[in-house]
Each structure stands twice: as structure tokens, then as C-alpha cells.
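2 protein chains.
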Amino acid sequence: MSGNPLSLLEGVRVANVGAELFAESIRAQGGRAAQVDWKPPAGGDRQTAGIIERMSACDEANERAAERLQAARPTWIDVATAKDVIPGMQDRMILHSGPPIAWERMSGPMRGAVVGAILLEGWAKDEREAERLGANGEISFEPCHHHSSVGPMAGVTSPSMPVNVIENQAPPELGGGNRAYCNLNEGLGKVLRYGAYSPEVLDRLRWMREELGPALRATIRAMGGLDIKNLIARAIHMGDEVHNRNLAATATFIRMTMPHLADAVGDGKLVARAARFISGNDHFFLNYGMPSAKASLEAMRGVENCSLVYTMARNGTDFGIRVSGLGERWFTAPAKMPIGLFFPGFRQEDANPDIGDSAIMETLGLGGFVMGAAPAIVQFVGGTPAEALRATNEMYGITWTRSRDYTLPVLEFAGAPMAIDVRKVVETNVLPIINTGIAHRQAGIGQIGAGILRAPEAPFREALLALAEKMGV
Amino acid sequence: MSGNPLSLLEGVRVANVGAELFAESIRAQGGRAAQVDWKPPAGGDRQTAGIIERMSACDEANERAAERLQAARPTWIDVATAKDVIPGMQDRMILHSGPPIAWERMSGPMRGAVVGAILLEGWAKDEREAERLGANGEISFEPCHHHSSVGPMAGVTSPSMPVNVIENQAPPELGGGNRAYCNLNEGLGKVLRYGAYSPEVLDRLRWMREELGPALRATIRAMGGLDIKNLIARAIHMGDEVHNRNLAATATFIRMTMPHLADAVGDGKLVARAARFISGNDHFFLNYGMPSAKASLEAMRGVENCSLVYTMARNGTDFGIRVSGLGERWFTAPAKMPIGLFFPGFRQEDANPDIGDSAIMETLGLGGFVMGAAPAIVQFVGGTPAEALRATNEMYGITWTRSRDYTLPVLEFAGAPMAIDVRKVVETNVLPIINTGIAHRQAGIGQIGAGILRAPEAPFREALLALAEKMGV
Numbered sequence: 004m005s006g007n008p009l010s011l012l013e014g015v016r017v018a019n020v021g022a023e024l025f026a027e028s029i030r031a032q033g034g035r036a037a038q039v040d041w042k043p044p045a046g047g048d049r050q051t052a053g054i055i056e057r058m059s060a061c062d063e064a065n066e067r068a069a070e071r072l073q074a075a076r077p078t079w080i081d082v083a084t085a086k087d088v089i090p091g092m093q094d095r096m097i098l099h100s101g102p103p104i105a106w107e108r109m110s111g112p113m114r115g116a117v118v119g120a121i122l123l124e125g126w127a128k129d130e131r132e133a134e135r136l137g138a139n140g141e142i143s144f145e146p147c148h149h150h151s152s153v154g155p156m157a158g159v160t161s162p163s164m165p166v167n168v169i170e171n172q173a174p175p176e177l178g179g180g181n182r183a184y185c186n187l188n189e190g191l192g193k194v195l196r197y198g199a200y201s202p203e204v205l206d207r208l209r210w211m212r213e214e215l216g217p218a219l220r221a222t223i224r225a226m227g228g229l230d231i232k233n234l235i236a237r238a239i240h241m242g243d244e245v246h247n248r249n250l251a252a253t254a255t256f257i258r259m260t261m262p263h264l265a266d267a268v269g270d271g272k273l274v275a276r277a278a279r280f281i282s283g284n285d286h287f288f289l290n291y292g293m294p295s296a297k298a299s300l301e302a303m304r305g306v307e308n309c310s311l312v313y314t315m316a317r318n319g320t321d322f323g324i325r326v327s328g329l330g331e332r333w334f335t336a337p338a339k340m341p342i343g344l345f346f347p348g349f350r351q352e353d354a355n356p357d358i359g360d361s362a363i364m365e366t367l368g369l370g371g372f373v374m375g376a377a378p379a380i381v382q383f384v385g386g387t388p389a390e391a392l393r394a395t396n397e398m399y400g401i402t403w404t405r406s407r408d409y410t411l412p413v414l415e416f417a418g419a420p421m422a423i424d425v426r427k428v429v430e431t432n433v434l435p436i437i438n439t440g441i442a443h444r445q446a447g448i449g450q451i452g453a454g455i456l457r458a459p460e461a462p463f464r465e466a467l468l469a470l471a472e473k474m475g476v
Numbered sequence: 004m005s006g007n008p009l010s011l012l013e014g015v016r017v018a019n020v021g022a023e024l025f026a027e028s029i030r031a032q033g034g035r036a037a038q039v040d041w042k043p044p045a046g047g048d049r050q051t052a053g054i055i056e057r058m059s060a061c062d063e064a065n066e067r068a069a070e071r072l073q074a075a076r077p078t079w080i081d082v083a084t085a086k087d088v089i090p091g092m093q094d095r096m097i098l099h100s101g102p103p104i105a106w107e108r109m110s111g112p113m114r115g116a117v118v119g120a121i122l123l124e125g126w127a128k129d130e131r132e133a134e135r136l137g138a139n140g141e142i143s144f145e146p147c148h149h150h151s152s153v154g155p156m157a158g159v160t161s162p163s164m165p166v167n168v169i170e171n172q173a174p175p176e177l178g179g180g181n182r183a184y185c186n187l188n189e190g191l192g193k194v195l196r197y198g199a200y201s202p203e204v205l206d207r208l209r210w211m212r213e214e215l216g217p218a219l220r221a222t223i224r225a226m227g228g229l230d231i232k233n234l235i236a237r238a239i240h241m242g243d244e245v246h247n248r249n250l251a252a253t254a255t256f257i258r259m260t261m262p263h264l265a266d267a268v269g270d271g272k273l274v275a276r277a278a279r280f281i282s283g284n285d286h287f288f289l290n291y292g293m294p295s296a297k298a299s300l301e302a303m304r305g306v307e308n309c310s311l312v313y314t315m316a317r318n319g320t321d322f323g324i325r326v327s328g329l330g331e332r333w334f335t336a337p338a339k340m341p342i343g344l345f346f347p348g349f350r351q352e353d354a355n356p357d358i359g360d361s362a363i364m365e366t367l368g369l370g371g372f373v374m375g376a377a378p379a380i381v382q383f384v385g386g387t388p389a390e391a392l393r394a395t396n397e398m399y400g401i402t403w404t405r406s407r408d409y410t411l412p413v414l415e416f417a418g419a420p421m422a423i424d425v426r427k428v429v430e431t432n433v434l435p436i437i438n439t440g441i442a443h444r445q446a447g448i449g450q451i452g453a454g455i456l457r458a459p460e461a462p463f464r465e466a467l468l469a470l471a472e473k474m475g476v
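Which chain is which? The protein sequence lines are A and B, in order.
Counting in this note's numbering, the first sequence runs from 4 upward without gaps.
Counting in this note's numbering, the second sequence runs from 4 upward without gaps.
The set of hints was computed from the structure by calculation and includes no laboratory data.
Please read all numbers here as calculations on a predicted model, not as lab measurements.
By construction, the Cβ of each residue, glycine as well, lies at the ideal position given by its N, Cα and C atoms.
Treat the hints loosely; a few may be bogus.
For the chain B half of the interface with chain A, some residues (derived, Cβ under 7 Å), not all of them [stated by the list, open to error]: (1) V88; (2) P90; (3) P103; (4) G227; (5) L229; (6) A236; (7) H240; (8) M241; (9) G242; (10) A251; (11) A254; (12) R258; (13) A265; (14) A379; (15) P412; (16) E415.
Partial list, computed: chain B residues near chain A (C-beta under 10 Å) [as the list claims (entries may be wrong)]: (17) I142; (18) M261; (19) D266; (20) A267; (21) V268; (22) R276; (23) P378; (24) A389; (25) R407.
Pulled out of the complex, with its shape left as it was, chain A reads as follows (with noise of 0.2 Å):
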């Protein structure tokens, strides 16, 4: 009567029902291995990988950066409205997704979330008025990256927006402290966030305004916040790679603030209507997950030396990295299409390029990178379980370290692949996956897919570069 049973199955005849699948899952693993085709550093490039020879003081950095990420404990601690806790946050400024852009290059689907934003603000009185708007100069655009905030597809936020608030809860000497700022999820199809501003998005998002950020302050308040690193790893224990598989997430946040929600509210028709409009979104936990990288990252911004990066992000026309070393500098390159599946009606050629700060959540190493502990994931974004699990384990190749508190059961709780580091991207030439959202490329419609996509080259090799010169490599 000792040991496992599991254990004790030697001998026992095992019948072939099954071991086709066993079988197949061999040989692509084994398949894979076999193709580790070897291909010189850098691509062949002899003077790049012997720069990144000589950068080996990153070393030191690097793991001093990512002791900063371990340690970070992002906590929900409050909903409020953008312009009363966002820095830096003004009158007539939008904040949008991705690398600086200006009106003139933006996609249509960030012109359609900025249109239905300066709607809902009531600074134009039609879609006209607002793209004359937009375009004229009254409207300041800036990166929600540049005001400690992430969001989702365009990321449009405008001041009177309601925000989830987290915390670093991390001791300050660990970069802790910081705060980081994310929009309400509005849920799938015709949204703001994807480019749509019909008038039952811009309802939508009154009341969201109006009752379900405020029930939601009322919640969080209740509970004096909520860990979300503890609510993401539980969530990969159960199969999300919570970037575009939210679905345990979403029903774990149900599950842990609703009892709150029901006693701080106590109207029971509007803890309906907040109730229902969580429970109908499979994605609503990313908006949380989102800021939770966010602040986590931040706080290995700035570490001299350090080739990690701390911000991946798209605006629809150019797709932009930020590393640690290189403080506030965005390293860009024109975003890629993702390929994916599309909802009826809807095909690959009205695809917008990649947009969002959702990558915020590959840059953890979370998304793409975890997809083998998420097979479920490929019925959304499409390819099968092994390659999933392909991918995860490419992922370590260009990764610093891995995640302590972030395990993925499928490879027997190996933490996940956390911090890129661009020397490695260069040298293996092995690109960070990306899962996401498909926008249509017009404004006014909204989301038509999800798939999933490699990031550019180019914004590594030139930040790799970049860090070198500043070393004085």
C-alpha cells in the first residue's frame, strides 16, 4: 500500500485502442526534433553574432531585471475614470494602442474606435464632424503605453472612459508601486475597440460608464483587491493562454467577485444586468490580464544593459518594440497580417494588420508563448495541439528565464518561457508568436476573426544594434 497506482502499471497489457494518437504525438514531437536543422548565428551574419558575443554584460543585467518581474504581484485595486488616474491623461486626447501614430497613417479600424470615442465624448456631433476632427489637429493621440495604460485592438481610451486600476503590489526595491491603467472589456463583434461606433456600441459603452464601472469600483473596493498573478496561473492551470482563451479566467473572476458584487450593490436587477454582461464575454478577464502584464513589465524598465523586452504592441499600421536598456525608445517595423479563422461571411483579405497592446501578453511570455498548456485555443485561432505545444517550446529559445509562478501542467509544471531577450531572437532567428484579434481593415464593422501571427524581424535586429552601440560593443 505505498506509492501510486499510476506507477504501478508494468507488465499490465495495454491494448491498441488509442496508441494511433499516442503515436502520432511522437512523431511530432519526435518530427520536430528532427528537423533542429542548425543554421548559423544571426543568420550567417558574422558581425552581428559577434556583437552579441561581446554583449555578455547584459548577463548580469538581464538577471536583475527579471528577479524585478518574478517578484511582480499585479493587483486589482480600483475602477475610476481615465482622466481622474491616468497620467498625464488631458482634455481632447485619446490614448491609442501601439507605437506614436498620427491620424493620416492610421488603419481604419483605429480611425473608427477614435471616431466613436470623440462621439461618446460628445466633441463632434457626427461621425463627419469627428473624422474632421481627427484629422485637423484638435485631437491629441498618444500611446497608451506612454501613460503607464494597455488596450486591446485600437486601445482607444478617452477621459471619461472607466478603467481598472492595478497595482505592483511588489516591495518597492523591487520595482514595485507602480500602476498600471486598462479600459472595460465591451465583449466580441461590433465594439469600439475594433473599429465599430454604431450607436449601440457608443450605448454600450454609457453604460458601461454609467453602472457597470461604478458596480464594479463598488466590487473591488469590497474586496480590497483581487491578486491577478494568483487568478492567471490558475487560469493556465485550466487551460487558458489568456490572451485570446479567457475563458477560465473570465469564470474564475465571476466565481470570486460576484459574492462581493451581490453585497455591495445589493439591487438584484442591477447585479443582473452586471452579472450578464460579464458572464456573456468570454474575454472579459483580458483587460485585466492586460494591465497586470503591463505593470510587471514596468518594473523592469530601464535597467541599464538589459536586452529584455519590456513592450510589444501594434497600432494596425506599424508593430513596435521598447527594451529595457533603451528606456523609452520604440524600435518599429509595419505590422504583419495575422492568418487565422474567420467568422462566416468574413475571409482573410478583409483583414486589418496586427493591432493592440495585447501583445503585452506574449512580451510576459504568456499568450502565444503558453499555447501547448492551452490546446483548446487552436478551435479560435486555428492549427492543432501539437503545433501549439511546438510553439511553446521554440518560445524558450529566445527567452531569459522562466516564469515561477506562471507552470504549465502539460510539461509536468515547467514554468513559462518569460522575459525575450533580442540577443537571442537575433541569434536564433526565432520570432516571438503572437496570438490575437482580427479587425476588419474598414472602420464601422469590427471584429471578423482570431488567428495568429510571428512579430518582425526588424525592430530586434535594430534594437539589439541599438543596445550595442550604447554599451560601446
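Given the structure of chain A, go ahead and fit chain B onto it with the hints provided.
Chain B alone, transformed into the frame defined by chain A:
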């Protein structure tokens, strides 16, 4: 711009980090393949092997029976008082888990639960009087399974308790229309079903009877039914095996019911109490999963020549099975001891033998049978994810079919191994794996851990021979 970018990994250099884990995984799987030591059918018992060979008439019967199991559509339709809805429930009757058993042979936790139920019903004023009543024949004890019911652990169900009502909404020609019943889950630790009956246990049961049950009744009536098959399928995609791991199922249950609970109940404080109780219990969903499995399996009871198992249950003293082609007849053996992980302060020596109707989950092909898709469960029951996957693959060898609705993402969405065939169990000597909670062997204490065990072999062999005899083989 076609195909999935995950498929385009050929030629990419893969770094070594993480490969060790993969190698282990391959070795684990390869190791399993290597140890498929051939053993003679039926353990070398030529007579039994010959009987099995002559039972080919089972095939057609099993096919028909399995079709009913596939078609089952268990739906939560109501919460009612046991004596009002459970067929044959009478005053001074207590239902219990497993095969029939008299007071004299009941284990400690079973007696403890009976004492608690007698006190709850007000049939005795104290523990001593309750024990006397239990012993002197004034209470009739019958298996839940004889009354279209199931109950976890002691399974004790008394007339005034609220019960979940599950209806199999398959067409009548596929065995649909039947109902199954199960009490409500009390949580872990000191609870009636693990043999505890202190005042806090009884107070909780009274609150469940007077407030929680009616609140859930109002909820499900407002909802007009909840498709439990769909909910289980989703939970499996979120890493539950829905026997000992019900985290995702419980959270999803809360997600789906809360808006209706708030609407139907109205009073925020009462909603909060109900929500807090349900949210505080990782296993709340178990008492929906079990009657759903029961309602599904009942649809294939009594099919002539059918060698599929439709009941596996334990009362803490005996383990018993029932086979479709043999009607109501039980085949029993002494209950075995689960091996597992214990709560602080308890150890293996404190454990009671295997107890509860919850093996109905494994009978359907879930629980221990799908552990491979629920790798995080090993933190609760012991073992490793690789062993869990091996267990699932082994169960394909003793089951008749694969579920069309319950699929396992990690096995590329293969259907769960479904419907145990007594012929295959005897032929292969592979015994069903059961995940289970572990009760203290003494009355009045409660749960002390959770673990895994194998069903005993004798009932399967005896049932096989009885079926062969009935078939004239």
C-alpha cells in the same frame, strides 16, 4: 499569406532550452510503448478466454447501448425536496452510496453520515439515540442507485434534503426521458458526506434546505434548464476531469447561473450568501455531474446481451458494479484503499476504504479515465501529468467506444474512452482507474485527502461469467 504560421517552422533553428522536458515526455511515452509486455488473454485462463471468444453477440448489443449513451442529453431542470421527487422515497428511509448494506457492516464515515441525517430529520434528539435507531431496524437503508439517485462519498440522502433534478432529454427511442437525483454539495472538510455530523454540519444542511435550495430552484426555473453535457464538455477543455477536479466546471456553472440567480432572487444579501457558498466550494459542480452521468448511463440499462457496465459504486465496505445485460444485479468485492495525498495532520492509516457513488463519473468514461486532459489534477490526487496521460490511454483498452461530445484537446480532440466492457476488463486485466476523495475511517471527522485507485477485479470476472451463462455460452 496562406496556411497557419505555426506550420511554417521548418528550417527554424530551435534552441535547447525546454528540450529536456520534451525528451522526458517522449521517453515517458516511448517507455510505455516499450513495456507493452504481452500477456495471455484473461490472465492465461484458457476457459475464460474461450468464453469471451464465444460472446460476440455482445457486440451488436453494445453498439445499440452505446448509441443511447452517446445520445444522452443530461439537463438540470429543477431543485426539489427529496421526498417529493425521488421515486420510492419514504419516511424513515435513508439512501446511501454503493451497493446495498446493513447498519452492521457500515463503515465509520457511512454511520456518521447516517447519524447526521437522522438528527437533521429530527428522528432522534442526540447521537446515541440516532445510532440506536440506525441499529435497531427502524430506518430503512437503500442504495441511492435503487432510487434513480447518486450521492458522493456516504451519499446519504434523507427525505427533507433538497436535490438536483437532472433529466436526460434524449429522444425516448434512445432511452431519453429518464431523470436522476443528487443532493447538493456541502463543500470539503467537515461535511456530512464524509461522516461528520457536528452542529456546524447540521446548521449548514438546514441553511441549504431553507435558503440555498429554494434560491437554486428559482434560478433553474428562470433559466428553463441548463445543458450539463455541454458544460462538462467545456470543463474538460479547461482541464477538469469532473470528478476530483471541478474547478472550471464550478466556475462556469457560476458564470452561467449568477445572472439568473440575481434576477430570480432579487435580494442582494441573499444572492451574496448563495454566491459566497457556491463560490467557496471547488467541488460544487460534482453534484450536477454525477446525476448527469447517472441519467446518461441509466439509458443503457437492461439491453439484452450487453456487456457494458452502467454502475460502479462503493459504500465504504463493498465495491459493486452492474452490467446492462444483467439488469439490477450487483457484483461486489471488498472496497479497496485509495492511495493519495493527505491534508496536514492525516495519513494513509487514517483512510477509510473507497466510498461513494462518484465512480459514476468513471463509469461514463470521465474522472480517472480522462486525467490525461486534466494534468493539474495530480496536485490534488498525486502522480505526474505523464502518468495521468498514460492512465487515459490505458482506459481506451477497456472501453467500447469514444465519446462524441466529451473530447480531449491534448489528444488532438479524441473522444473520451467511454463505456467499460466487462469482456475487455477481464481479457486485458486492465482495471478501471478511479479518482476519489478520501474519508477518515472514523465517524464524525470528515475528508482527509484525495487519491487514486483501481477497481477490484472479481466483480468484473463474476459479471462476465454470469452474462455468459445468461447468454447460454
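Query raised in the report: Hints broken by the structure, by number, lowest first?
Result: Structure breaks hints 1, 2, 3, 4, 5, 6, 17 and 25.
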